[in-house]
Every structure is written in C-alpha cells, then in structure tokens.
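> Line order of the protein sequences matches chains A and B.
Residue numbers for the first sequence follow my numbering, beginning at 1 and rising by one.
Residue numbers for the second sequence follow my numbering, beginning at 1 and rising by one.
Calculated directly from the structure, the hints in this document are not laboratory data.
A virtual CB, placed ideally from N, CA and C, is assigned to each residue, including glycine.
Hints may be right or wrong, so weigh each one.
[Unchecked claim] Straight-line alpha carbon distances no greater than 20 Å define the calculated SDA-like cross-link-like pairs of lysine to any residue that follow:
(1) LYS59(B) with ASP91(A)
(2) LYS158(A) with ALA21(B)
(3) LYS160(A) with THR39(B)
[Unchecked claim] Some chain A residues close to chain B (C-beta under 7 Å, calculated; not the full set):
(4) GLY31
(5) VAL113
(6) ILE116
(7) VAL119
(8) GLY121
(9) ILE122
[To be verified] Derived CB-CB ranges, DEER-like:
(10) ASP17(B) with GLU78(A): 21 to 29 Å
(11) ASP42(B) with PRO142(A): 28 to 36 Å
(12) ARG141(A) with ILE23(B): 19 to 27 Å
(13) ILE23(B) with PRO142(A): 29 to 37 Å
(14) LEU57(B) with GLY59(A): 24 to 32 Å
Listed here are the chains, written in short residue letters.
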Amino acid sequence: MTGNFTDLLKRLVKAEVDFVIVGGFAGVAYGCTYLTQDIDICCDFSPANLTRLQKATAGLHPVHRITPRRQKLELTEENCSQFKNLYLDTDIGQLDCLGFISGIGDYRSAKKVSRIIDVEGIKLRILNLDALIESKKAMNRPRDQQAISQLEAIKKIKKKKDCGKR
Amino acid sequence: MKTMSGKKGSKQSKTADPIQAAIDYGIDISMLKDNVKRTPADLIRRHQIALETAEKLRKAKGL
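Chain A on its own, in the form it takes in the complex (with noise of 0.2 Å):
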C-alpha cells in the first residue's frame, strides 16, 4: 500500500498537533529525488498532544509497526509517558513519530530550526534545508549519504539562484 502522505499531514494539522516534518520526507520537499515510503516528524510527546496526534489517525487503524503484534495504538495519559517514539502504519501510510532528532534535539529544539511552507492551502511546518543537513550528518547511516550529498547539492544550486536574482 502507498501511503497519501499529504491527506495524512492534513489530518494532523486539523487536529492542531504540534510537529516539525523532518527526515526523508523533508528531503523531498527540498527537492531530492529519492522515493520514502514514510514520514518522519519530530513531535511534542505531552500528553496532550499525543491524545491529538491518535484523534488525527483515529479511523486510520494505526498500529505499532514495529512491535511484533502489530498492537493498536491505544494511548492514554498514563501510557503517554513511556513513549518516546512512535513508528505506526496506517490505512494511508507510514508516520514515524520522534521524540529527539539527532543533531538537532526535541521539538522545540526543531521547532526553531523549522520554516513553513503550503502545501494545497495547508500550513506544515518542515526543518530548515541547514537543520535538515545537520540531523543527517549526526545520523551518519549509510543509506543518509546520498541525502546529504543532494542536499548540499541542492543548498549550492539554491545559492547560485538566489544570487542570480540579485
């Protein structure tokens, strides 16, 4: 199944939960040309807005995709606390929930290094292209080489036009 990561992204931002688009997906927006089949965001794990994070996916069957049940997500304010990430599927795509990004730290800590962009008359808040650079250069995996190469690559071909424009 292919995820629709933008009605996902919408469902979220209606349900007012507090994140910044990172990873990947973040990548794509910048104009990488890899595929990603999930999205990754830093997110605020209070109580509160986990209870808006499972109202937005409500109806979607999300799941732990990880552990090995596959269990619902099933958060309480007293579950919320053990979490401190959540790696979920759902009817309509992958969301990985992070608590810590690396390089960068949690979400407010993502939240400064963030800027908006619209996205079909939606508000998403996604990591600055240096930020995005940074928690990719502190992950250091293998497969975030060739992020990080094309993501330079596409902050020097950013440069280049902005100076052009001058």
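Since the structure of chain A is provided, determine the placement of chain B on it from the hints.
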C-alpha cells in the same frame, strides 16, 4: 578569480564543491536543478505519483 587546473585542482574541486561532489556520487544534478525550481507542494505531489507508480509496477510484476 582563482581557477582550478591540473590534477591537484581537480581533486580540490571534488571535495569543496557540493555540486561536483554530488556528480561524483552519481547524482543526476539536472534533476536537482529542475526540482529547485518547483514548489514544495509540487515536489510532494510528484513524489506521490512516483510512489504510486512504483507500487503499481511492484504489483504488476507480482513481487
């Protein structure tokens, strides 16, 4: 203006210039240049189409 020539210069440009580094990595720079001109909304829309196409191909091949 400084110019790079000779073996030593070429080696320096490969490490210092991100565009050259990406080319050396095997990345199609023309695609990146095209993408930089597009809006995030358009890039996300095109990614969605590519993802759906890849899924159709996977299903067609029965993989």
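> With reference to the structure, classify each hint as holding or not holding.
For each hint, the structure was consulted:
no.: 1; hint: LYS59(B) with ASP91(A); result: holds, 18 Å
no.: 2; hint: LYS158(A) with ALA21(B); result: holds, 16 Å
no.: 3; hint: LYS160(A) with THR39(B); result: holds, 17 Å
no.: 4; hint: GLY31; result: holds, 3 Å
no.: 5; hint: VAL113; result: violated, 17 Å
no.: 6; hint: ILE116; result: violated, 10 Å
no.: 7; hint: VAL119; result: holds, 4 Å
no.: 8; hint: GLY121; result: violated, 9 Å
no.: 9; hint: ILE122; result: violated, 9 Å
no.: 10; hint: ASP17(B) with GLU78(A): 21 to 29 Å; result: violated, 54 Å
no.: 11; hint: ASP42(B) with PRO142(A): 28 to 36 Å; result: holds, 30 Å
no.: 12; hint: ARG141(A) with ILE23(B): 19 to 27 Å; result: holds, 23 Å
no.: 13; hint: ILE23(B) with PRO142(A): 29 to 37 Å; result: violated, 20 Å
no.: 14; hint: LEU57(B) with GLY59(A): 24 to 32 Å; result: holds, 29 Å
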